[in-house]
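**Student:** Residue numbers (my numbering), protein chains in the order written: chain A, 35 to 414; chain B, 35 to 414; chain C, 35 to 414; chain D, 35 to 414.
Hints were generated in silico from the structure; no laboratory data involved. Certain hints may be false.
Copies of the same chain look alike in the list, so a pair counts if it works inside one copy or between any two.
Unchecked claim - Lysine-lysine pairs mimicking DSSO-like chemistry, simulated, CA-CA at most 27 Å apart:
no., residue 1, residue 2
1, K140, K218
2, K133, K347
3, K133, K351
4, K203, K351
5, K351, K140
6, K218, K175
7, K41, K147
8, K41, K159
9, K203, K159
10, K133, K159
11, K133, K41
12, K100, K133
13, K351, K147
14, K100, K351
These are the residues of each chain, in order.
4 protein chains.
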Amino acid sequence: MGVPQFKELRRVYGFDEVSISPGPVTINPDQASVEFPLGAFNFAIPVLASAMDAVVSPSFAVKMGKLGGLGVLNLEGVWCRYEDAEGVLQELANTPQEKITALLQKLYSAPLKEGLIGQRVREIKSGGVVCAVSFTPQNAKRMSPIAVEAGADILVVQATVTTARHVSKSYRGLVFSELIDMVKVPVVVGNCATYDAALELMETGIDGVLIGVGPGAACTTREVVGVGIPQITATLDCAAAREEYYQRTGRYVAVITDGGIRTGGDLCKAIAAGADAVMLGTPLSQAVEAPGHGYNWGMATPHPALPRGTRIKTGTKGTLEQILFGPATVTDGTMNLVGSLRMGMGMVGAFNIREMQRAPLLYAPDIKAEGKIFQMAQRG
Amino acid sequence: MGVPQFKELRRVYGFDEVSISPGPVTINPDQASVEFPLGAFNFAIPVLASAMDAVVSPSFAVKMGKLGGLGVLNLEGVWCRYEDAEGVLQELANTPQEKITALLQKLYSAPLKEGLIGQRVREIKSGGVVCAVSFTPQNAKRMSPIAVEAGADILVVQATVTTARHVSKSYRGLVFSELIDMVKVPVVVGNCATYDAALELMETGIDGVLIGVGPGAACTTREVVGVGIPQITATLDCAAAREEYYQRTGRYVAVITDGGIRTGGDLCKAIAAGADAVMLGTPLSQAVEAPGHGYNWGMATPHPALPRGTRIKTGTKGTLEQILFGPATVTDGTMNLVGSLRMGMGMVGAFNIREMQRAPLLYAPDIKAEGKIFQMAQRG
Amino acid sequence: MGVPQFKELRRVYGFDEVSISPGPVTINPDQASVEFPLGAFNFAIPVLASAMDAVVSPSFAVKMGKLGGLGVLNLEGVWCRYEDAEGVLQELANTPQEKITALLQKLYSAPLKEGLIGQRVREIKSGGVVCAVSFTPQNAKRMSPIAVEAGADILVVQATVTTARHVSKSYRGLVFSELIDMVKVPVVVGNCATYDAALELMETGIDGVLIGVGPGAACTTREVVGVGIPQITATLDCAAAREEYYQRTGRYVAVITDGGIRTGGDLCKAIAAGADAVMLGTPLSQAVEAPGHGYNWGMATPHPALPRGTRIKTGTKGTLEQILFGPATVTDGTMNLVGSLRMGMGMVGAFNIREMQRAPLLYAPDIKAEGKIFQMAQRG
Amino acid sequence: MGVPQFKELRRVYGFDEVSISPGPVTINPDQASVEFPLGAFNFAIPVLASAMDAVVSPSFAVKMGKLGGLGVLNLEGVWCRYEDAEGVLQELANTPQEKITALLQKLYSAPLKEGLIGQRVREIKSGGVVCAVSFTPQNAKRMSPIAVEAGADILVVQATVTTARHVSKSYRGLVFSELIDMVKVPVVVGNCATYDAALELMETGIDGVLIGVGPGAACTTREVVGVGIPQITATLDCAAAREEYYQRTGRYVAVITDGGIRTGGDLCKAIAAGADAVMLGTPLSQAVEAPGHGYNWGMATPHPALPRGTRIKTGTKGTLEQILFGPATVTDGTMNLVGSLRMGMGMVGAFNIREMQRAPLLYAPDIKAEGKIFQMAQRG
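With the sequences and hints as input, model every part of the structure.
**Tutor:** See below:
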């Protein structure tokens, strides 16, 4: 009111604040196609499993591929530090919570064994599925060729925040266009959360961007450094960048919302906010086949000086197939995620993902509260 | 702030966020008329009982009718799957919570017995009241004539989201104008929650629309598929459609807010948002006469692959007459719902429902919190 | 977004959502005058005690007057239904919570004894203080002359919602201008919460309006009938009416915020929203001298068919003098209410109530949360 | 909606409501400079320790200085009332919570011993660090020369709300320009929270302003007097005053956000809102070296008539060095605060504090809730 402004604050939105408006036409859920193209690949379902050690093992990646999705194996975690990664994961599951941060810091300070890169890739390829692996920007240039040589089909380059321009004293920033020229497979890069950063990344020639800075259940980046954008706005903005880039160049870059999705409802909202696919961590760590044995932790948790995140107990809900395709034995939206998406598309009248992206979104902060407290008090 | 927008988010409102402004004139509650016309019928109170198996049995519908309202019997639930529906309801009441979803899924997979349709209608008609029954869109065309033949006076066609245009591979979408021509009784259709969908439904010739996608206490559609509109905005938008349609055609279609109403305050707010009547589930399941024996569950709960909702313990508060007309023995607004409406109309100065629809609504998110935590801490 | 609107929702505010901006000049608290003129009377502090049976007894009214404020005795409660009102209040204090609504309904159905009106007035007057008494609009015309005859100095006419125009079948609406002509003492009327209603009441010639529909800790009007306006907006709007009326007529009508005030902070906010004084119930019921013995209940609680409110345990904090003037032994703002007001006026730089009314108000929903959860978790 | 407004409410923001947007360029955290100039001094880190008795002792101030920051010793607390301040602090730590307000009121009513002023200053100076001490405005003029004479390098003048113009009957308001002329050392003044008040203070010639009225974890000023501005808006507004004053005069006055900061995330947000440095109380009271023995209390807590605040148990987390520079053993952002700032600057692409001040801020009320409740429920 008359006072000079130092800066304006932009309103941004998260999953719990929005809902999708039903449409004037409805379709039967079995009419909805949920296919997801990425580079030359076409996946039956728009779901990637996160490159987290508690979520994707080589065998989990195979299972995920056979079910129509894509599991991304982290090649800088326990699978490339330990021959017996399974044993390490078992040790982590058996360690009490008060000792877990120290143990994670210790276990992840073991050196990377480059010889394991090819072995892990081959374990996935032997399952007959598309193989996706992830590196950090620091190691991507050096290690990616090893993985691609061994047969990796898709490369994911991922850090908490990744930009097309990174300044460092100790190493030359990764130039993504050079990486793409070198590996000659589709490259997915993340994470980013803004229009500008997404557009710059798209202009390097990549095939997909991972959206999300700090939203996951196993991540506390927002508490520790104050940086973050809620997933609905992050997805909306990066989808706007995709449309702008698509109209200008004719090249369509996949927008993949990564982190913070807990239910089928969140998955539907991510698509309605403009995502082409989602990357899931905690929800898939609840699969019987997940290597975390009912736990999950973020890849920033083992940071030696500034751990951001902790191990959370996610429990085991059912097989991966049940979590993705049901039948659901719970009613909170955490099972039959693909069935939820189809049903949501039915209510909205969307025949495919591109149409679902056009469903109106509502800012409905009360959507959860309405009747919820009452309900909780009375659930008998 | 300069960034291109993928889409805008519209602000929408729920019961807990609004309150009604008192008016410059007050009237005595006994001056207020709460009559509700529907088709050729005129009900003494603007209250329908939900077509839920835990709420309306044939005898409950008779009681509801004698008290001036309208109970809707669901003819695709236990009453048309089992001769001994009472026994099935007793079994459900005796089953522990952890087994209830599986039991509901099993019990509701029993086939519909069309012979029971006429029997249930006659049980209601023998009570000397108006008889309303409900079907899903899939079965409405085939089963409605049987119900009307047996004497049903009002037909309700209801699914989670219903539109005038539905696309399906397996069956031809229900054409409501054809249904109306066929049954020649008032038809009420739901649920819908948007201006466009409501207007299209009205244009088919129906007599009432049920408003509400996913708001009820026994429903988790919003968690599972992310689709939903809070009830105040849904009611406001569909009331706007009713006014538009009324001005254009001279035909007045009843707007009935269905779901999420827990107290007399919510009921008053629904009317002030433009509703002509309300449909109540959980509040009426608390009547001694309700068939749920102190429980309620949504009709989407038994879904075989994607259950949305669960059984909630609602308890038993008093007779249906007490819940509707008092005297109240509790002070939280869950008893004497019609008395609450009359008192609210008195404070607003509204002589009838149409005048109550014109009362100003306030966006008052704090309205509950103010003094509430303090109060709870101190309630002795 | 293009959809026709049935009605717009106005944003309104409550105590917990706002804070007062400190000013560019500060003054010492002892520089601030908190005097409150009402009609020909001038009170040392801008505090009235609510006309509630658990708050004001004749002896409490005397104590309140001696401390510079004004206690209002309800002449339609236990003090005019029972000779031995003290005994009745003791019985209420000794009754367990689950039986209290029924007991209140029973005790308040005893007939009013008009002979007690004069007796109670004289009990207050014998203490040598200004005597204020309250009636409902239904009884005000008949009973007020009795009270004034006995010596009452100020008349309060109060119902949940009171307007200048009330429509009833059973009695002619009270005409305030006639009442004022008849009693020839200052008349305070309430409750109201809107600009229009306040302005119309002021135009009848009254000296003060009570602001607040349903905000008190002992009241559940908002749950039961959905009607209510949070106190900050109600006070702001009625203060705007006062200014409009004052500019037009030169007559200044006191705006008294009644209900929902729990702390010195709330008191300061009410004044900053435009109030000239406040009426306190629950905070004063915590005085050793209060007749409620550590409990409070609203005057709508005993309603025979639709009780709105319940007995709350407020406890006993200290003497009335301590609650008003300290020293405080607690740090939550519930003691030394007048000291809080002086300190707030010091931070704002306000020398009197009229200047405090001009302090900027901020919409600061986070003001309480910031650091609060952290603090609670750590309070050792 | 057409109703005349008594006043408008301005929207203001606190830490929990905002987040920082990541930038289009990232830098390595070790590239970021966090230096903080104040007057002729240059500090390695932008962190001051609060002038609270439970936070800064003479030895703590020395430790703080050696780590690159600045500890401010309160010369009106126990350190200048008692020779054996350590013993008093031990007594406070050993006293149960229900007796603490009374004990604080008693202990702080002991007279100030002016002889201790010089002694405490020399204790700090003997450590070889910059010495900062604080007085209230009432005592600053009389006592500051004693402290400066003894070697104090920086003077802090602090009250809950301080303005350039204060009106008092009992003493002449402090004229800051006179004080500055007299002491000839940098003067920091606080607290203020508005553009106007900050600008007026800057115009007196001071070197820094402390921002924050009532936000700290150990303070209840907002509950008690209703006055306060959440820290993000307070910092934004005072930073706007700094820019205005800087552009007009070329003199740069430090803006120091004081209070309410609990985590590295909050610290980053304060800088992004325009602060040059932060003053920390509760987070540093958790250092092994803090004199509060795991407790903290505000300097308004011992107020004899209107205590605002209480002793809170903060616990002991690690050494001061660990809290400032890590390594962190917890993942909630309360350790390695400077590391958090560097990492945040890295994600934003800010090479120094001035660049971090330009990072976009988002209004993201959901930023904490998203996934948080889920997470808490599942943390194993």
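**Student:** For each hint, tell me whether it holds in the structure or not.
**Tutor:** Verification of the hints:
no.: 1; hint: K140 with K218; in the structure: neither (35 Å within a copy, 53 Å between copies)
no.: 2; hint: K133 with K347; in the structure: both (14 Å within a copy, 24 Å between copies)
no.: 3; hint: K133 with K351; in the structure: both (26 Å within a copy, 16 Å between copies)
no.: 4; hint: K203 with K351; in the structure: neither (46 Å within a copy, 33 Å between copies)
no.: 5; hint: K351 with K140; in the structure: between (30 Å within a copy, 21 Å between copies)
no.: 6; hint: K218 with K175; in the structure: within (13 Å within a copy, 58 Å between copies)
no.: 7; hint: K41 with K147; in the structure: neither (48 Å within a copy, 46 Å between copies)
no.: 8; hint: K41 with K159; in the structure: neither (52 Å within a copy, 40 Å between copies)
no.: 9; hint: K203 with K159; in the structure: neither (37 Å within a copy, 37 Å between copies)
no.: 10; hint: K133 with K159; in the structure: neither (36 Å within a copy, 41 Å between copies)
no.: 11; hint: K133 with K41; in the structure: neither (43 Å within a copy, 46 Å between copies)
no.: 12; hint: K100 with K133; in the structure: neither (37 Å within a copy, 32 Å between copies)
no.: 13; hint: K351 with K147; in the structure: neither (33 Å within a copy, 36 Å between copies)
no.: 14; hint: K100 with K351; in the structure: within (20 Å within a copy, 48 Å between copies)
Hints 1, 4, 7, 8, 9, 10, 11, 12, 13, counting from the list given before, are not met by this structure.
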